[in-house]
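These protein sequence lines are chains A, X and Z, in that order. Each residue of the first sequence is one higher than the one before, starting from 1 at the first, in our numbering. Each residue of the second sequence is one higher than the one before, starting from 1 at the first, in our numbering. Each residue of the third sequence is one higher than the one before, starting from 1 at the first, in our numbering.
In short, the hints are calculated from the structure, not lab data. All residues carry an ideal CB built from backbone N, CA and C; glycine is no exception. Don't take every hint at face value.
Claimed, not checked - 25 Å max Cα-Cα, derived SDA-like pairs, lysine to any residue:
#: 1; chain 1: A; residue 1: Lys-149; chain 2: A; residue 2: Glu-190
#: 2; chain 1: X; residue 1: Lys-199; chain 2: Z; residue 2: Thr-221
#: 3; chain 1: X; residue 1: Lys-199; chain 2: Z; residue 2: Glu-127
#: 4; chain 1: X; residue 1: Lys-200; chain 2: Z; residue 2: Thr-221
#: 5; chain 1: A; residue 1: Lys-138; chain 2: Z; residue 2: Gln-139
#: 6; chain 1: X; residue 1: Lys-199; chain 2: Z; residue 2: Gln-77
#: 7; chain 1: A; residue 1: Lys-149; chain 2: Z; residue 2: Thr-221
#: 8; chain 1: X; residue 1: Lys-200; chain 2: Z; residue 2: Glu-127
#: 9; chain 1: X; residue 1: Lys-200; chain 2: Z; residue 2: Ser-75
#: 10; chain 1: X; residue 1: Lys-200; chain 2: Z; residue 2: Asn-83
#: 11; chain 1: X; residue 1: Lys-200; chain 2: Z; residue 2: Gln-139
#: 12; chain 1: X; residue 1: Lys-200; chain 2: Z; residue 2: Phe-58
#: 13; chain 1: A; residue 1: Lys-27; chain 2: A; residue 2: Glu-72
#: 14; chain 1: A; residue 1: Lys-149; chain 2: Z; residue 2: Ser-75
#: 15; chain 1: X; residue 1: Lys-200; chain 2: Z; residue 2: Gln-77
#: 16; chain 1: X; residue 1: Lys-199; chain 2: Z; residue 2: Ala-80
#: 17; chain 1: A; residue 1: Lys-225; chain 2: A; residue 2: Arg-98
Claimed, not checked - Here are some, though not all, of the chain A residues that point toward chain Z, as calculated from beta-carbon distances under 7 Å:
#: 18; residue: Asn-57
#: 19; residue: Glu-60
#: 20; residue: Phe-61
#: 21; residue: Ser-64
#: 22; residue: Leu-74
#: 23; residue: Arg-96
#: 24; residue: Ala-97
#: 25; residue: Met-101
#: 26; residue: Gln-104
#: 27; residue: Ser-105
#: 28; residue: Leu-124
#: 29; residue: Pro-129
What the hints assert, rightly or not - Derived Cβ-Cβ restraints for the label pairs, each shown as a range:
#: 30; chain 1: Z; residue 1: Arg-119; chain 2: A; residue 2: Gly-46; range: 22 to 32 Å
#: 31; chain 1: X; residue 1: Cys-221; chain 2: A; residue 2: Glu-24; range: 23 to 33 Å
#: 32; chain 1: A; residue 1: Ser-85; chain 2: X; residue 2: Leu-48; range: 53 to 63 Å
#: 33; chain 1: X; residue 1: Ala-137; chain 2: Z; residue 2: Ser-187; range: 57 to 67 Å
#: 34; chain 1: X; residue 1: Gln-139; chain 2: Z; residue 2: Arg-184; range: 41 to 51 Å
#: 35; chain 1: Z; residue 1: Arg-119; chain 2: X; residue 2: Arg-52; range: 39 to 49 Å
#: 36; chain 1: A; residue 1: Ala-257; chain 2: X; residue 2: Gln-128; range: 45 to 55 Å
#: 37; chain 1: Z; residue 1: Arg-119; chain 2: A; residue 2: Arg-143; range: 32 to 42 Å
#: 38; chain 1: Z; residue 1: Ala-40; chain 2: X; residue 2: Gly-132; range: 54 to 64 Å
#: 39; chain 1: Z; residue 1: Arg-119; chain 2: A; residue 2: Arg-254; range: 58 to 68 Å
#: 40; chain 1: X; residue 1: Gly-132; chain 2: A; residue 2: Ser-45; range: 34 to 44 Å
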Amino acid sequence: MTASIPQTTALQVENLYKSFAGIEVLKGVSLTAEKHDVISIIGSSGSGKSTLLRCMNLLEFPDSGRLRVHGEELELGTNRRGVRSRRFQRQIERIRARLAMVFQSFNLWSHMTVLENVMLGPCLVHRRPRDEVEDQAKKLLARVGMLEKCQMYPDCLSGGQKQRVAIARALAMDPEVMLFDEPTSALDPELVGEVLLVIRELAEEGRTMIMVTHEMRFAREVSSKVVYLHQGRIEEQGSPEQLFNAPQSDNLRRLLASQY
Amino acid sequence: MDWLTYLSFGDAGWGDELLQGLGVTLALALTTLPVGLLLGLLVAALVLFGARPARALALAFSTTLRGLPELLTLFIIYHGVGMGLNALLRWYNPAAGSLELSPFIAGVLALGLVFAAYSSEVWRGAWQALDGGQREAGQAMGLRRLTIFRVIELPQLLRLALPGLGNLWVNLLKDTALVSVIALSDLMRMANIAVGTTKKPFLFFLVVCLAYWLVCLLCECLLGRMERRANRGYRSGGAAA
Amino acid sequence: MMDILTRFSAQLLAGAGLTLQLTVIAALLACALALPLAIARCSERGLLRWPIRLFVSFFRGTPLLAQLFLVYYGSGQFRAELNQLGLWWFFRDPYYCALLTFVLNSTAYQVEILRGGLRAVPYGQIEAGVAMGLSRFNQYRTIILPNAYRIAFPALGNEIILLLKGSAVVSVITLFDVMGQTRRIFSQTFDLSVYLWAALLYLLMTSAFVWLWHRLELCLTRHQRVRQAPSTATSLASKRVSAGVSP
Numbered sequence: 001m002t003a004s005i006p007q008t009t010a011l012q013v014e015n016l017y018k019s020f021a022g023i024e025v026l027k028g029v030s031l032t033a034e035k036h037d038v039i040s041i042i043g044s045s046g047s048g049k050s051t052l053l054r055c056m057n058l059l060e061f062p063d064s065g066r067l068r069v070h071g072e073e074l075e076l077g078t079n080r081r082g083v084r085s086r087r088f089q090r091q092i093e094r095i096r097a098r099l100a101m102v103f104q105s106f107n108l109w110s111h112m113t114v115l116e117n118v119m120l121g122p123c124l125v126h127r128r129p130r131d132e133v134e135d136q137a138k139k140l141l142a143r144v145g146m147l148e149k150c151q152m153y154p155d156c157l158s159g160g161q162k163q164r165v166a167i168a169r170a171l172a173m174d175p176e177v178m179l180f181d182e183p184t185s186a187l188d189p190e191l192v193g194e195v196l197l198v199i200r201e202l203a204e205e206g207r208t209m210i211m212v213t214h215e216m217r218f219a220r221e222v223s224s225k226v227v228y229l230h231q232g233r234i235e236e237q238g239s240p241e242q243l244f245n246a247p248q249s250d251n252l253r254r255l256l257a258s259q260y
Numbered sequence: 001m002d003w004l005t006y007l008s009f010g011d012a013g014w015g016d017e018l019l020q021g022l023g024v025t026l027a028l029a030l031t032t033l034p035v036g037l038l039l040g041l042l043v044a045a046l047v048l049f050g051a052r053p054a055r056a057l058a059l060a061f062s063t064t065l066r067g068l069p070e071l072l073t074l075f076i077i078y079h080g081v082g083m084g085l086n087a088l089l090r091w092y093n094p095a096a097g098s099l100e101l102s103p104f105i106a107g108v109l110a111l112g113l114v115f116a117a118y119s120s121e122v123w124r125g126a127w128q129a130l131d132g133g134q135r136e137a138g139q140a141m142g143l144r145r146l147t148i149f150r151v152i153e154l155p156q157l158l159r160l161a162l163p164g165l166g167n168l169w170v171n172l173l174k175d176t177a178l179v180s181v182i183a184l185s186d187l188m189r190m191a192n193i194a195v196g197t198t199k200k201p202f203l204f205f206l207v208v209c210l211a212y213w214l215v216c217l218l219c220e221c222l223l224g225r226m227e228r229r230a231n232r233g234y235r236s237g238g239a240a241a
Numbered sequence: 001m002m003d004i005l006t007r008f009s010a011q012l013l014a015g016a017g018l019t020l021q022l023t024v025i026a027a028l029l030a031c032a033l034a035l036p037l038a039i040a041r042c043s044e045r046g047l048l049r050w051p052i053r054l055f056v057s058f059f060r061g062t063p064l065l066a067q068l069f070l071v072y073y074g075s076g077q078f079r080a081e082l083n084q085l086g087l088w089w090f091f092r093d094p095y096y097c098a099l100l101t102f103v104l105n106s107t108a109y110q111v112e113i114l115r116g117g118l119r120a121v122p123y124g125q126i127e128a129g130v131a132m133g134l135s136r137f138n139q140y141r142t143i144i145l146p147n148a149y150r151i152a153f154p155a156l157g158n159e160i161i162l163l164l165k166g167s168a169v170v171s172v173i174t175l176f177d178v179m180g181q182t183r184r185i186f187s188q189t190f191d192l193s194v195y196l197w198a199a200l201l202y203l204l205m206t207s208a209f210v211w212l213w214h215r216l217e218l219c220l221t222r223h224q225r226v227r228q229a230p231s232t233a234t235s236l237a238s239k240r241v242s243a244g245v246s247p
């Protein structure tokens, strides 16, 4: 498996370890996302789901492990000193530019309009011409139904609207893989639907996505693969039918029972 | 070694004179503090609860004094109050000689007014941050307004106002240096005199700076401790500043 | 009372000119110095952190008057050395000494204010930039600094007002700012009203500045007030992204 990576692999992590202040949060997690995969990571809180996602684009730095994105490979943890080096930093920035992230708390830039939020990445990271970026940004905002608000500032928007803008911002980076970190957890119940609708459309058009979520029913409907994380290890993974209809692990069974 | 003799105590050096000056500086600041604190509290109370003209007057007082250089306020008080007193004296007794306002009193008055203007803002902020329900709880119990203020509001006011007041205290300490300009024999002026005879300006002004610095650091340390003490039992308080 | 004004208005206005000049130049220079220092002060691996802390603490913990004397009179002790270095012309001149002192003093305060602003930038917004692969430089330029300056803006205005008022101490080293002119006029006339005119002049300057600063702040924080920016801003919007807030 390590020898040759098939062309269809979009993102692969191997043997990720991560601990905070002596507490191990990830204990050797390996996960592969093929192109067009929609992977949902589920698990009770504290199971390390978000940490796993944040390790994938190196917002958290794993203690050890390996990361492959689109032909770039990173051996992590071996060269702690090298982390600071310029070359390594550039490599990380390249990788991050390929993995767009949607945060639980939106993290829109409050001093920029909606349109400016969407345009910033392509302009500064991809260095694409401004007119082209603006056209594309407007198209993306139209897709998530936010075009008419494109001159507003984030503070004027509802949570659901903010998250839709954040998704447009992520899409504007034209990413290989989209990472969603509990995209609906900070939303009022009545606003969850509009965001899930957008994510569902993205899944249907074949985007590669990895998503940490508590929305079990949604995970079941859109995912091609579900991963159950428990105490820093992958305890079970497979198709949604397998996991939701015939869970093998007791822990997973308990979690599912508590959800319905 | 040369430098040390300049700073030694006794006839040869200026150490004892400087120390005396520091004493005057601290005395000035410590005398000003209660004047400024009480006057500031009064102004804040007028702004918050006063009748309309009183409120306007209090606000005008605080904004005006905060907009003027401390040095100018000092000169206005020094010359103004001095002249006023003399005029009053002559009106009472035309034969009386002229009277000089002591720089110390002028300093206390001027710095006290400035401190009052700034601290009224701090008091006001703290007062507005108080939870009104506690006052109501006191009223519902039949406590008198003044009692409520004394036992319920003031202790909490002190806690809320402490960081701001601490800042103002450090500013006050530094502002006392200005009073040397009207010939108060404080630390700054003693250094000036020493420079006049020794021709070592850098040495003496550096010592002055270091002395002020040391006092300010000590005060900050002390204030930090007081804040921690005052915030015992409060969850969100603490060393936010 | 009025005749003082008619006789000496030219002097007082000239004094106001000097006061404003000293304040504006010192504030601008300090602003330029404070930004890199504040960033260095906040960076995690900072050899510079301690020296900067010491610098800030010293200039915030000592009276401006003492600092001014240290620079202006104190430099006299090293006259021969400064002459050799060709710097004596600078330290001989009370104007330059005052400017230097004010720049150092205001830099110390501004570093502290900016540090607070930098620390108050919501971390999530920085992280969103990091996750996108923005370089460190671009993170600062487009996200961190615009936010930090907006947060620090009112405090920076306060600091400039304090500087304006503090500049009155230059009258002690023979410069004729508003305070210096006022003292000279008083010593000639012994008319107390000149102090009141000076007070009025200072109040005018400070309140004009407060008004100006408030207008600027409204411009900078429109994202917190405006429900919807006018639709004509579409073309402008594209420029604003890269512009950020220039220090």
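Quick rundown of the hints versus the structure:
1. A:Lys-149 to A:Glu-190: With Cα atoms ~20 Å apart, Lys-149 of chain A and Glu-190 of chain A stay inside 25 Å; holds.
2. X:Lys-199 to Z:Thr-221: The given pair, whose Cα atoms are some 53 Å apart, is violated under the 25 Å limit.
3. X:Lys-199 to Z:Glu-127: Roughly 58 Å between the alpha carbons, so the hint for Lys-199 of chain X and Glu-127 of chain Z is violated.
4. X:Lys-200 to Z:Thr-221: Given pair Lys-200 of chain X, Thr-221 of chain Z is violated - Cα atoms ~51 Å apart, limit 25 Å.
5. A:Lys-138 to Z:Gln-139: Judged against 25 Å, a Cα distance of about 23 Å means the pair holds.
6. X:Lys-199 to Z:Gln-77: holds, 7 Å
7. A:Lys-149 to Z:Thr-221: Within the cut-off at roughly 18 Å; holds.
8. X:Lys-200 to Z:Glu-127: Not satisfied, since the Cα-Cα distance of roughly 55 Å exceeds 25 Å.
9. X:Lys-200 to Z:Ser-75: holds, 10 Å
10. X:Lys-200 to Z:Asn-83: Given that 25 Å is the threshold and the Cα spacing comes to 17 Å, the pair holds.
11. X:Lys-200 to Z:Gln-139: Status violated; Cα separation ~50 Å.
12. X:Lys-200 to Z:Phe-58: holds, 21 Å
13. A:Lys-27 to A:Glu-72: Judged against 25 Å, a Cα distance of about 23 Å means the pair holds.
14. A:Lys-149 to Z:Ser-75: violated, 61 Å
15. X:Lys-200 to Z:Gln-77: holds, 6 Å
16. X:Lys-199 to Z:Ala-80: Holds, at roughly 14 Å.
17. A:Lys-225 to A:Arg-98: Roughly 21 Å between the alpha carbons, so the hint for Lys-225 of chain A and Arg-98 of chain A holds.
18. Asn-57: This hint holds: Asn-57 of chain A lies near chain Z, its Cβ roughly 6 Å from the closest one there, short of 7 Å.
19. Glu-60: violated, 11 Å
20. Phe-61: Nearest chain Z Cβ about 12 Å off; hint violated.
21. Ser-64: violated, 21 Å
22. Leu-74: This hint is violated: Leu-74 of chain A lies away from chain Z, its Cβ roughly 14 Å from the closest one there, beyond 7 Å.
23. Arg-96: With Cβ-Cβ at 4 Å, under 7 Å, it holds.
24. Ala-97: Hint holds; Ala-97 of chain A Cβ to chain Z Cβ min 3 Å, cut 7 Å.
25. Met-101: holds, 4 Å
26. Gln-104: violated, 9 Å
27. Ser-105: holds, 5 Å
28. Leu-124: Holds. Min distance 5 Å.
29. Pro-129: violated, 11 Å
30. Z:Arg-119 to A:Gly-46: 22 to 32 Å: With a Cβ separation near 28 Å, Arg-119 of chain Z and Gly-46 of chain A satisfy 22 to 32 Å, so the hint holds.
31. X:Cys-221 to A:Glu-24: 23 to 33 Å: violated, 41 Å
32. A:Ser-85 to X:Leu-48: 53 to 63 Å: Since Ser-85 of chain A and Leu-48 of chain X have Cβ atoms about 59 Å apart, the given range 53 to 63 Å holds.
33. X:Ala-137 to Z:Ser-187: 57 to 67 Å: Once the Cβ atoms are compared, 60 Å apart, the range 57 to 67 Å for Ser-187 of chain Z and Ala-137 of chain X holds.
34. X:Gln-139 to Z:Arg-184: 41 to 51 Å: violated, 58 Å
35. Z:Arg-119 to X:Arg-52: 39 to 49 Å: holds, 42 Å
36. A:Ala-257 to X:Gln-128: 45 to 55 Å: holds, 51 Å
37. Z:Arg-119 to A:Arg-143: 32 to 42 Å: About 37 Å separates the Cβ atoms of Arg-119 of chain Z and Arg-143 of chain A, which means 32 to 42 Å holds.
38. Z:Ala-40 to X:Gly-132: 54 to 64 Å: violated, 45 Å
39. Z:Arg-119 to A:Arg-254: 58 to 68 Å: Hint violated: Cβ distance 42 Å, outside 58 to 68 Å.
40. X:Gly-132 to A:Ser-45: 34 to 44 Å: holds, 38 Å
Checked against the numbered hints above, the structure violates hints 2, 3, 4, 8, 11, 14, 19, 20, 21, 22, 26, 29, 31, 34, 38 and 39; every other hint is satisfied.
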